[in-house]
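Participant: Sequence:
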Amino acid sequence: MSEWSFTLLVNQPLTPEQADALDHCDAFADGSVSYTMGPENPEDYPHRPDPDRLRELSCDIEAPTLLDAVEQVARDIRLIPGLRAVGVRHDDTVTLAEAAQRCGPELFELARRHGFPEPETSSGGTEFYSWREIATWLTRAGRVVPEEPRDLLIADRALRLADVLEGADVSPGALRALGLPID
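Count along the sequence shown from 1, add 18, and you get the number used in this note's numbering.
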């Protein structure tokens, strides 16, 4: 099984109660999902956190595929009252292993070639690269690099559609006519 790294977007910033529930939920006991909390009184601080960052969960999940990993967290996050997944994305900053997840294990060999992008930062012995720079270099080297892995695209679009449909009054017939499978 592979470990997949991605950012899951949730419908709202976590409340202290939701953060506590997530911290004590057996489904997240392995520490594979982390979050950022804003201060209780953000108006008391000159620099407020970006509200979009407070709706992000950083995920490192073991699963057979990226789609399976996203599905697992999206399902489990509903165990926390009031939270649901509404999207998913990859970050630009990656380790070489994360970049290899996106384009294949041959990246480790390619990274030794002249002109491969240098790491942007290093922390505790781990080097971090820009995915955009790696993708540009791979494209110049004649490799086909999808902008987004298909599994990520499917998961993101499905979560966004589910979010739009949440509480909407759409008939099963309309959903079927749009090509969506209905149980």
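The hints are simulated quantities; they were obtained by calculation from the structure and are not laboratory data. As the structure is a computational prediction, the values presented were derived from the model and not from experiment. Be aware that one or more of the hints could be misleading.
[Claimed, not checked] Beta-carbon label-pair distances, calculated as ranges:
{"id": "1", "residue 1": "Q30", "residue 2": "D78", "range": "19 to 25 Å"}
{"id": "2", "residue 1": "T139", "residue 2": "G191", "range": "49 to 55 Å"}
{"id": "3", "residue 1": "D70", "residue 2": "D201", "range": "48 to 54 Å"}
{"id": "4", "residue 1": "D78", "residue 2": "H132", "range": "27 to 33 Å"}
{"id": "5", "residue 1": "L183", "residue 2": "T157", "range": "43 to 49 Å"}
{"id": "6", "residue 1": "E35", "residue 2": "P190", "range": "33 to 39 Å"}
{"id": "7", "residue 1": "R96", "residue 2": "H132", "range": "27 to 33 Å"}
{"id": "8", "residue 1": "G142", "residue 2": "P190", "range": "48 to 54 Å"}
For every residue, glycine included, the Cβ atom is placed at its ideal position computed from N, Cα and C.
Participant: A separate judgement is required for each hint: does it hold in the structure or not?
Facilitator: Hints, one by one, checked against the model:
At roughly 23 Å, the beta-carbon separation of Q30 and D78 lies within the given 19 to 25 Å, and the hint holds. Checked against the given bound of 49 to 55 Å, the beta carbons of T139 and G191, roughly 53 Å apart, stay inside it. Range check, D70 to D201: Cβ separation about 33 Å, and the 48 to 54 Å hint is violated. The beta-carbon spacing between D78 and H132, approximately 31 Å, falls within the hinted interval of 27 to 33 Å.
A beta carbon spacing of about 36 Å between L183 and T157 contradicts the range 43 to 49 Å that was offered as a hint. E35 and P190 have their C-beta atoms about 35 Å apart, which keeps the hinted 33 to 39 Å range intact. One distance hint, 27 to 33 Å for the beta-carbon pair R96 and H132, is violated here, with the actual separation near 48 Å. Separated by about 52 Å at the C-beta atoms, G142 and P190 satisfy the suggested range of 48 to 54 Å.
Hint compliance for this structure: hints 3, 5, 7 are broken, all remaining hints hold.
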